[in-house]
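Residue strings, one per chain:
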Amino acid sequence: MHEWSLAEAVVNSLLSFARKEGVSSFREVELTFGEVMELNRDIFRTAFEELSRGTPLEGARLVIREEPALFRCNSCGHTWDFDEAHKMLSHELGILEEPSGDRESPLHFLPDLARALLKCPSCGSRDFELVSGKNLRVSRVVISE
Amino acid sequence: MSGADVDPMLHEARARLSRADKVIAISAGKGGVGKSFITASMAAALAERGRRVGVLDLDVHGPTVPKILGARGEITAWKGGLRPLRSGNIELMSVGFMIGEEPLPSAGGEKMSLISTLAALTDWGHLEYLLIDVPPGTGEEITWLLRALRGLEGAGVLVVTTPSLLAESVVRRLLKLLRDERVDVLGIVENLSYFRCGGKLIRPFGEGAAERLSREFAVPVLARLPIDPSIEEAILSGNFYRSLSEEVRSAISGLVESVETLNPAGR
Ligand SMILES: Nc1ncnc2c1ncn2[C@@H]1O[C@H](COP(=O)(O)OP(=O)(O)O)[C@@H](O)[C@H]1O
Ligand SMILES: [Mg+2]
Ligand SMILES: [Zn+2]
Numbered sequence: 458m459h460e461w462s463l464a465e466a467v468v469n470s471l472l473s474f475a476r477k478e479g480v481s482s483f484r485e486v487e488l489t490f491g492e493v494m495e496l497n498r499d500i501f502r503t504a505f506e507e508l509s510r511g512t513p514l515e516g517a518r519l520v521i522r523e524e525p526a527l528f529r530c531n532s533c534g535h536t537w538d539f540d541e542a543h544k545m546l547s548h549e550l551g552i553l554e555e556p557s558g559d560r561e562s563p564l565h566f567l568p569d570l571a572r573a574l575l576k577c578p579s580c581g582s583r584d585f586e587l588v589s590g591k592n593l594r595v596s597r598v599v600i601s602e
Numbered sequence: 722m723s724g725a726d727v728d729p730m731l732h733e734a735r736a737r738l739s740r741a742d743k744v745i746a747i748s749a750g751k752g753g754v755g756k757s758f759i760t761a762s763m764a765a766a767l768a769e770r771g772r773r774v775g776v777l778d779l780d781v782h783g784p785t786v787p788k789i790l791g792a793r794g795e796i797t798a799w800k801g802g803l804r805p806l807r808s809g810n811i812e813l814m815s816v817g818f819m820i821g822e823e824p825l826p827s828a829g830g831e832k833m834s835l836i837s838t839l840a841a842l843t844d845w846g847h848l849e850y851l852l853i854d855v856p857p858g859t860g861e862e863i864t865w866l867l868r869a870l871r872g873l874e875g876a877g878v879l880v881v882t883t884p885s886l887l888a889e890s891v892v893r894r895l896l897k898l899l900r901d902e903r904v905d906v907l908g909i910v911e912n913l914s915y916f917r918c919g920g921k922l923i924r925p926f927g928e929g930a931a932e933r934l935s936r937e938f939a940v941p942v943l944a945r946l947p948i949d950p951s952i953e954e955a956i957l958s959g960n961f962y963r964s965l966s967e968e969v970r971s972a973i974s975g976l977v978e979s980v981e982t983l984n985p986a987g988r
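The listed protein sequences correspond, in order, to chains A and B. First residue of the first sequence: 458, per my numbering; consecutive thereafter. First residue of the second sequence: 722, per my numbering; consecutive thereafter.
These are calculated hints, taken from the structure and not from any lab test. Idealized CB from N, CA, C, for every residue including glycine. Treat each hint with caution, since some may be false.
Unchecked claim - Sample of chain B residues lacking proximity to chain A, with all beta carbon distances greater than 12 Å (derived):
hint, residue
1, Arg735
2, Gly755
3, Arg770
4, Thr797
5, Arg807
6, Met833
7, Leu867
8, Arg871
9, Glu874
10, Ser890
11, Arg894
12, Arg963
To be verified - Pairs of lysine to aspartate or glutamate residues, derived as DMTMM-like cross-links and limited to a Cα-Cα distance of at most 25 Å, are as follows:
hint, chain 1, residue 1, chain 2, residue 2
13, A, Lys477, A, Glu602
14, A, Lys576, B, Glu795
15, A, Lys477, B, Glu849
16, B, Lys921, B, Glu874
17, B, Lys788, B, Glu954
18, B, Lys788, A, Glu602
19, B, Lys800, A, Glu506
20, B, Lys788, B, Glu849
21, A, Lys544, B, Glu822
22, B, Lys800, A, Glu460
23, B, Lys800, A, Glu495
24, B, Lys800, A, Glu524
25, A, Lys477, B, Glu953
26, B, Lys800, A, Glu561
27, B, Lys800, A, Glu602
28, B, Lys897, B, Asp844
29, A, Lys544, B, Glu889
30, B, Lys788, A, Asp540
31, B, Lys897, A, Glu460
32, A, Lys477, A, Glu495
33, B, Lys788, B, Glu953
34, A, Lys477, B, Glu902
35, B, Lys800, B, Glu769
36, A, Lys477, A, Glu515
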């Protein structure tokens, strides 16, 4: 359930950009999320729309792109995807979600913890890269003239 | 535009930090000088004075504040973000609660992104004081701190040094950087200053470093803390602050009092 916090971050940063640049309204916002964030798009969209109400973001078309995760080991060269990574996550380390009571891996909230929570499935090294599919970024905005 | 000029996580981190009346970052540029110990004991002292206090442990490679405070548990998430863990009357957020005893080697840019996200997701509620335990080093962690605190109202840095010449030279660089980047420095804390032996004050690491830095940068020396074996014992005892020696506790209490006077919350 970090969709609301993420939406808040995106909306506030865009509104502060708009203030600085004198933008009166946005036509389109494209966001790219890493697969490891396991974002629930519906919740995010609801949050984004609610937080945008009455601001230059209201009515903007929201495009949400998910970038597939790709891991690559610097030690043995093995590459793997999120499904394989997911199977390796320890159940001992988690974050408790309210109100659902589900336990999620901290990786989902803080993808930069990957090297603490995972090892290369082939050689066991922590010297790997999360080549893509990690964080959130605003990949494009279209501003109304 | 491409969107590259918008950094939602850093922006949100600043927004959430600014919800606290006062933000105090405890930094040294160096490891092992007592930043985490000072952060934890200041938090305990502020809580004892009835302040609403939070600690953001940014030492992602060696999170130690939870250990000092004897805090254990699992973080919960809700609509507002990640809830800090409550330990005594202190709200504490640390990756220590998420990675257990696993090591976290990081590579280019990851540390900055990690601490931005941690600060952006933490839901503190209303705090009078938010203390930040800044990791050692003057790389990414300090760049992050500059970006997070620059121009933030009610935010300042408490710089920890020891009397050693080596610490002094690292701390001098940090003070220069903070001055050049226009980040407020509240004052200097000299740790490991002296110990008492048969009524005599012994200064094994020399003296004068804190005064020299204070004069050079026109910032006050807010406290001098003795070398005190009760600190290690207090950490092991599980009741940290109460188990500190009278001398250390009164020095910390004096430090917190100066900080409160210099930088009063709720104004
Ligand atoms: N004044 C002191 N007297 C005795 N031990 C101290 C003192 N200050 C810190 N220590 C101990 O020194 C070690 C390093 O302190 P710590 O707070 O972890 O430093 P840092 O966070 O700057 O790396 C810890 O074991 C701590 O208990
Ligand atoms: Mg420390
Ligand atoms: Zn490998």
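**Q.** In rising order, the numbers of the hints this structure does not comply with
**A.** 1, 4, 6, 15, 16, 18, 25, 27, 28, 29, 30, 31, 32, 35
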